[in-house]
Every structure is written in structure tokens, then in C-alpha cells.
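Spelled out from the first residue to the last, the chains are:
Protein chains: 2
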Amino acid sequence: MKILEEKILEEGRVYPGNILKVDSFLNHQIDVGLLDVLGEAIYEKYKDKKITKILTIEASGIAVACSVAKHFNVPVIFAKKSKSLNLGDDVYVSRISSYTYGKEYDAVVSRDFLGNDDKVIIVDDFIAIGNAMKGLIEICVQAGAKIEGIGICIEKGYQHGGDDVRQMGYDVTSLAIIDDMKEDGTIIFRE
Amino acid sequence: MKILEEKILEEGRVYPGNILKVDSFLNHQIDVGLLDVLGEAIYEKYKDKKITKILTIEASGIAVACSVAKHFNVPVIFAKKSKSLNLGDDVYVSRISSYTYGKEYDAVVSRDFLGNDDKVIIVDDFIAIGNAMKGLIEICVQAGAKIEGIGICIEKGYQHGGDDVRQMGYDVTSLAIIDDMKEDGTIIFRE
Numbered sequence: 000m001k002i003l004e005e006k007i008l009e010e011g012r013v014y015p016g017n018i019l020k021v022d023s024f025l026n027h028q029i030d031v032g033l034l035d036v037l038g039e040a041i042y043e044k045y046k047d048k049k050i051t052k053i054l055t056i057e058a059s060g061i062a063v064a065c066s067v068a069k070h071f072n073v074p075v076i077f078a079k080k081s082k083s084l085n086l087g088d089d090v091y092v093s094r095i096s097s098y099t100y101g102k103e104y105d106a107v108v109s110r111d112f113l114g115n116d117d118k119v120i121i122v123d124d125f126i127a128i129g130n131a132m133k134g135l136i137e138i139c140v141q142a143g144a145k146i147e148g149i150g151i152c153i154e155k156g157y158q159h160g161g162d163d164v165r166q167m168g169y170d171v172t173s174l175a176i177i178d179d180m181k182e183d184g185t186i187i188f189r190e
Numbered sequence: 000m001k002i003l004e005e006k007i008l009e010e011g012r013v014y015p016g017n018i019l020k021v022d023s024f025l026n027h028q029i030d031v032g033l034l035d036v037l038g039e040a041i042y043e044k045y046k047d048k049k050i051t052k053i054l055t056i057e058a059s060g061i062a063v064a065c066s067v068a069k070h071f072n073v074p075v076i077f078a079k080k081s082k083s084l085n086l087g088d089d090v091y092v093s094r095i096s097s098y099t100y101g102k103e104y105d106a107v108v109s110r111d112f113l114g115n116d117d118k119v120i121i122v123d124d125f126i127a128i129g130n131a132m133k134g135l136i137e138i139c140v141q142a143g144a145k146i147e148g149i150g151i152c153i154e155k156g157y158q159h160g161g162d163d164v165r166q167m168g169y170d171v172t173s174l175a176i177i178d179d180m181k182e183d184g185t186i187i188f189r190e
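Chains A and B are the protein sequences, given in the same order.
Quick note: the first sequence, position 24, residue 23 per numbering that gives the first Met the number 0, numbers continuous.
Quick note: the second sequence, position 105, residue 104 per numbering that gives the first Met the number 0, numbers continuous.
Computed list of lysine-lysine pairs in PhoX-like fashion (alpha-carbon distance at most 25 Å, straight line):
(1) Lys80/B - Lys102/A
(2) Lys80/B - Lys80/A
(3) Lys80/A - Lys102/B
(4) Lys20/A - Lys181/A
The calculated label-pair distances, taken between Cβ atoms and stated as ranges, are:
(5) Asp111/A - Glu39/B: 25 to 35 Å
(6) Asp89/A - Asn72/B: 32 to 42 Å
(7) Ile2/B - Glu5/A: 36 to 46 Å
(8) Tyr14/B - Glu137/A: 25 to 35 Å
(9) Glu43/A - Gly16/B: 40 to 50 Å
(10) Gly143/B - Leu8/A: 30 to 40 Å
(11) Gly168/A - Met0/B: 37 to 47 Å
(12) Arg110/A - Asp116/B: 39 to 49 Å
(13) Ile2/B - Arg165/A: 37 to 47 Å
(14) Arg12/A - Glu137/B: 26 to 36 Å
(15) Ser97/B - Lys20/A: 21 to 31 Å
(16) Gly143/B - Arg12/A: 16 to 26 Å
To be clear, the hints were calculated from the coordinates, so they are not data collected in a lab.
The structure presented is a predicted model; accordingly, all values stated were derived computationally and were not measured.
Idealized CB from N, CA, C, for every residue including glycine.
Starting from the given sequences, assemble the full structure and let the hints guide the process.
Have a look at this one:
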């Protein structure tokens, strides 16, 4: 998506270790005008799918999910991150290993809000190696909910999480896919 | 605000220890239609104040902040919660003691996104004893930003954080104020 790629080139900063910071518009400060455009693009892709819920995970996925959900007029559910081992029986749980932070946590969703009559789009700001996304998929599988699509703002193509999820058979829509970054700040997008 | 009070009465659940769960529409599942109405109400209160930024803290404040910011067409900044002690010099930091979770953490905002030319509304889904809000106020003070108002969805009046912040001289707009809850589920709103 041209507008997002331009914004990444303009404001994104590349750090050693293939780290891309987009905290001026996506995950610390949020450009709400851009967010609306991103949400609409994901809506356009799946608008005929009779979507009932938008699923994401806290924290920075929430803004994108709300923007998508507004167009569908359906609820957002955001999975909570928990380190607690005593979560009760009324939740779906998936263990996620965070590559960015080198820690493990549980993604937790109440059984009250997701079930086998739901048609879901899973949304997040980023996909890198894809562990958080695989956790959200696992929660939908536990719930028996149908995953109609996966909407991502920025896919780090060189970390292969998006392609893993495509190979699992899911329809992944990434609004910008970065295939390579160089330490001089060059960013190469997938065609 | 009548629509919010009715939603709390309809879907809120009261648990022992003065715990109110509104996770069906505000802080786990999110009713995006209601969210839009709440955001607009906060906008209406401060629309003449030449607001430049909406400040909140992750995670559940983000949805409300985006809804408010959309009406102003200004960016959201969400403070990050960090336990790290090595944060560098390029951030504002305020130590917050969490009543709900019995833990301490730092609220962190990059100096890049908040400064002494900003006019800010601080937004959150809840205020209880008010420690998170006092931390966000402290960050604005460090930045020299002017706090034009504080917008809250649900104030737990019986925990006095909202009144503390009013006594500090800030203009607090809470869309629903709960003055008492009983274990039979009765909820008493402030007039």
C-alpha cells in the first residue's frame, strides 16, 4: 500500500539487528488519519465475508483492530497477555514465546466473547516471526471460530512469519511487506 | 452519560471487593459503536481548546484515546509500561504503583512526541485511586505540556482518584461516576 510504504520510508528508523522503529505513527504515537486508511483497506478486502469479530492482542494491535472494526460495525476482542498460571476454565489460552522481548506469556481470551458461530479477522500492527499470530490462530481453533482473514499493517518478510501463516492455509493481507533492510536505512518492499 | 450508565447496568458485573467487570464492551471486548459515542462526548467538552495530542497509557486506554483523537484529528500517544531500569535519556518516565495488580512499573513516553508547545487531553477507560492518571500528569509536567482536560469513561467515585485529581486543579470529565456498588449487583451513579 503506497501511502504506508511512503510513511515508513519517511518516518521509519532502521537500527542494527533488523529493528524497524515506526513509533512516530503506529506503535507509540499513532497517526489516527493514517490508521483510518489502513483499517478501511483491510475492511475492503474482507467486506463480503460476514465478519462477526475482529481479534487482536494488546497493546498496539488495539488501535488497528478498532479502526477495522468500525467499518464492519462489529466488536473488537483483544487477547490479554498474562503471566499468571491460574486463569480458570472460562478462557482460551495460548502460550506465546516473544522473540522481541525474549519472554513467554499466555494470550488469553474469555470464552464469553468467541465461539463456533464467529467469523473472524485477526489483526495486528506487525508480523515478524509470527508467534503472536500463531497464538491468536490457536485461540480461534480452540473456540471453533472461522478465520476469514488476517490483516497486518507491516510484515517483516525477512522473518518469514507471514509466509509461515500463508502456508498454514490462511489468507494474509499485509499492507506493507518489507523484504530487506540495510544498516544505511534502505528499506526494500516486496512487489 | 445515560447511554454509558445503561450499558454498565445491563452488562457490568459486580464482584466482591468492589470489582466491576465491563469486559463485554470496554476492556476486553470493545463495542466500537459505543466507543465512538464516548469519544465524541469527550471531544465536545474540549473542542475549543486547540488540542494537539491525546495522551493515554496501554492497553485499554488506547481504544478510547483513538476514538477521541479521531474527532480532533490529532495524534494519540500511548505511554508504555516498562519494568526495565535502563530507559535512556530520551524519555519521560513516571513510576506508577498499580493498585489492581499490586506491582510497580514505569510509564514511559518518548521526548520526541510531547513538548512544551503541546495542549493535551489525557484519556483513560477507568480511574480508581488514580495512580496511573497521576503518572500521566507527571509526564506532562516533565514535558512542559499544558493539560487542558482529563477524559475518563468510568470513574470509581468511591476510590477518590478522580476527586484527588480535581483537587490538584485539573478539569476531569468522567462519562459515568460510580459512587457505590453493592454485592447484590446494585450500582449507584453520582448525579
